[in-house]
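Undergrad: Sequence:
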Amino acid sequence: MDHDDHRFPTTPAPSRRRGPRPVPPGVEYHRVLAGDKRRIGRGILAIVLLIAGLFVFSFAAVQAAAFIDTQMGRTNPASGGTDYTPVYHGFTMLGLALLIPWSMLIQRWLYGVRGPSLHSVLSRFRLDVFGRALLLIGPVWLIAMVILNLSMPIEQTHWPVADLIGILVVTLLLTPLQTTGEEYGLRGLVFRVAGSWNRGPRTALVVGVLVSSLIFMGIHGADDPWINIWYFTLALSLAVLTWRTGGIETAAVIHALLNTLTFVIATVLHSDIGGSISDRSAGTGSPVLLVPTVTVAAIAAVVWLRTRKTGPALTPAHTAPSHPHARPARVPAAQ
Numbered sequence: 004m005d006h007d008d009h010r011f012p013t014t015p016a017p018s019r020r021r022g023p024r025p026v027p028p029g030v031e032y033h034r035v036l037a038g039d040k041r042r043i044g045r046g047i048l049a050i051v052l053l054i055a056g057l058f059v060f061s062f063a064a065v066q067a068a069a070f071i072d073t074q075m076g077r078t079n080p081a082s083g084g085t086d087y088t089p090v091y092h093g094f095t096m097l098g099l100a101l102l103i104p105w106s107m108l109i110q111r112w113l114y115g116v117r118g119p120s121l122h123s124v125l126s127r128f129r130l131d132v133f134g135r136a137l138l139l140i141g142p143v144w145l146i147a148m149v150i151l152n153l154s155m156p157i158e159q160t161h162w163p164v165a166d167l168i169g170i171l172v173v174t175l176l177l178t179p180l181q182t183t184g185e186e187y188g189l190r191g192l193v194f195r196v197a198g199s200w201n202r203g204p205r206t207a208l209v210v211g212v213l214v215s216s217l218i219f220m221g222i223h224g225a226d227d228p229w230i231n232i233w234y235f236t237l238a239l240s241l242a243v244l245t246w247r248t249g250g251i252e253t254a255a256v257i258h259a260l261l262n263t264l265t266f267v268i269a270t271v272l273h274s275d276i277g278g279s280i281s282d283r284s285a286g287t288g289s290p291v292l293l294v295p296t297v298t299v300a301a302i303a304a305v306v307w308l309r310t311r312k313t314g315p316a317l318t319p320a321h322t323a324p325s326h327p328h329a330r331p332a333r334v335p336a337a338q
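When you read off a place in the sequence shown, starting at 1, and then add 3, the result is the number in this note's numbering.
The hints are simulated quantities; they were obtained by calculation from the structure and are not laboratory data. We treat Cβ as the ideally placed atom computed from N, Cα and C, and that holds for glycine. Just so you know, not all the hints are guaranteed correct.
What the hints assert, rightly or not - Between beta-carbon pairs, the in silico distance windows are: (1) Ile146 to Pro290: 13 to 23 Å; (2) Ala304 to Leu130: 35 to 45 Å; (3) Val297 to Trp112: 45 to 55 Å; (4) Ala300 to Pro23: 13 to 23 Å; (5) Arg41 to Leu272: 43 to 53 Å; (6) Gly84 to Pro290: 30 to 40 Å; (7) Val164 to Arg205: 22 to 32 Å; (8) Arg41 to Trp162: 50 to 60 Å; (9) Thr287 to Pro25: 43 to 53 Å; (10) Pro27 to Leu272: 44 to 54 Å.
Claimed, not checked - Distance condition first, Cα-Cα at most 20 Å in a straight line; then the derived SDA-like pairs of lysine to any residue: (11) Lys40 to Pro27; (12) Lys312 to Ala301; (13) Lys40 to Pro295; (14) Lys40 to Trp200; (15) Lys40 to Asn201; (16) Lys40 to Gly56; (17) Lys40 to Thr206; (18) Lys40 to Pro23; (19) Lys40 to Val209; (20) Lys40 to Trp112; (21) Lys312 to Arg205; (22) Lys40 to Val30; (23) Lys40 to Gly203; (24) Lys40 to Val210; (25) Lys40 to Val214; (26) Lys312 to Val30; (27) Lys40 to Leu113; (28) Lys40 to Val116; (29) Lys40 to Arg24; (30) Lys312 to Asn201; (31) Lys40 to Arg205; (32) Lys40 to Gly115; (33) Lys40 to Pro25; (34) Lys40 to Phe60; (35) Lys312 to Gly29; (36) Lys40 to Arg202; (37) Lys40 to Gly29; (38) Lys40 to Gly141; (39) Lys40 to Ala55.
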């Protein structure tokens with residue numbers, strides 16, 4: 004008699020999912036965190052953590068800059084002085100750049116989704132999308148930025164040559180990281196979090212765009228209505244671009260060119276970067292801000308129209324090929 008008893012086969016215990024939650028297939032960028040439950044409380048916590056990180060990182064960065072500048076005999080604004088130094092400029096950029104890993108960490112911790120999915124629907128930074136935005140949108144946007152910066156009143160101040168060179172170098176190297184940090188935080192994490200609060204994709208889109216845009220406008224703390232209109236329209240347009248292209252690359256290009264060119268022009272013209280450039284009090288704005296406001300809205304409208312047939316880019320479909328040569332489903336390409 005065979006002692007191997009096959010009459011009572013054992014059923015393997017169901018395995019628990021380990022590791023990160025997979026990105027859902029065939030969904031738009033703002034719907035990656037959506038599920039059966041709305042999890043509004045968790046979303047509010049994610050947004051609070053993001054904003055707290057923004058202020059903590061910024062404070063820590065400028066305090067580090069204050070310490071370094073003090074050792075060099077300089078008194079920057081963090082120490083109550085007026086020396087807007089290259090060190091202070093660089094550390095303010097780095098503080099906001101930390102929002103990139105911080106946003107990824109929050110998403111992984113609270114939602115179980117891998118941080119790199121914040122790049123795009125393909126969970127990677129798409130250099131082809133970035134390159135097209137730089138070549139096709141960049142020139143138009145640069146023209147609008149030049150018109151804006153040369154039309155604003157300029158308050159010149161004395162700058163040591165070494166400081167001008169230092170700030171120019173720091174601007175070119177670090178400002179794109181600073182603006183991209185804001186994109187990962189606002190157009191990435193906040194857009195997705197708020198976009199998960201409604202079951203309907205279109206309602207979720209409206210909520211995601213409005214919440215992320217209002218928070219973006221709020222954290223800049225402007226008291227001038229023209230500046231607030233500009234900030235809100237910029238944020239709304241960047242959110243629409245993120246939705247249609249399925250990633251943050253295009254928004255990152257526009258935001259990086261905006262801040263980088265503003266600081267470069269301010270440096271060349273010897274403007275008071277620590278004073279007039281950063282002033283957002285009532286009366287500092289003007290109708291000239293309608294130039295970039297209309298331009299960025301037009302860019303978003305054109306991208307929307309160009310993708311009206313394909314629709315917004317989606318996450319890849321999960322396929323289970325029946326044989327090794329089965330072909331995966333096609334994903335709409337971002338425009």
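Undergrad: For the pair we were handed, Lys40 and Pro295, check the Cα-Cα distance against 20 Å.
TA: 39 Å, violated
Undergrad: Against the 20 Å threshold, does the CA-CA distance of Lys40 and Val116 hold or violate the hint?
TA: Cα-Cα ~16 Å, so holds.
Undergrad: Quickly compare the C-alpha distance for Lys40 and Trp112 to 20 Å and report which way the hint goes.
TA: Answer holds: Lys40 to Trp112 is near 17 Å, not above 20 Å.
Undergrad: Ala300 and Pro23, beta-carbon distance inside 13 to 23 Å?
TA: Hint violated: Cβ distance 36 Å, outside 13 to 23 Å.
Undergrad: Quick one, are Lys312 and Asn201 close enough, alpha carbons at most 20 Å?
TA: Outside the cut-off at roughly 25 Å; violated.
Undergrad: For the pair supplied as a hint, Lys40 and Arg24, is the alpha-carbon distance within the 20 Å limit?
TA: OK: Lys40 and Arg24 at ~15 Å, within 20 Å.
Undergrad: Is the Cα-Cα distance between Lys40 and Val214 20 Å or less?
TA: 19 Å, holds
Undergrad: So the hint says 43 to 53 Å: do the beta-carbon atoms of Thr287 and Pro25 match that?
TA: Once the Cβ atoms are compared, 48 Å apart, the range 43 to 53 Å for Pro25 and Thr287 holds.
Undergrad: Quick one: are Gly84 and Pro290 within 30 to 40 Å, going by C-beta?
TA: 35 Å, holds
Undergrad: Hinted pair, alpha-carbon criterion (20 Å max): Lys40, Pro25. Please report holds or violated.
TA: Distance of about 17 Å is within 20 Å: holds.
Undergrad: Between Lys40 and Trp200, is the straight-line Cα distance small enough, at 20 Å or below?
TA: Measuring from Cα to Cα gives roughly 8 Å; hence the hint holds.
Undergrad: Is 13 to 23 Å a correct range for the gap between the Cβ atoms of Ile146 and Pro290?
TA: 18 Å, holds
In this structure, the earlier hints numbered 2, 3, 4, 7, 13, 16, 30, 34, 38, 39 are contradicted, and the remaining ones agree with it.
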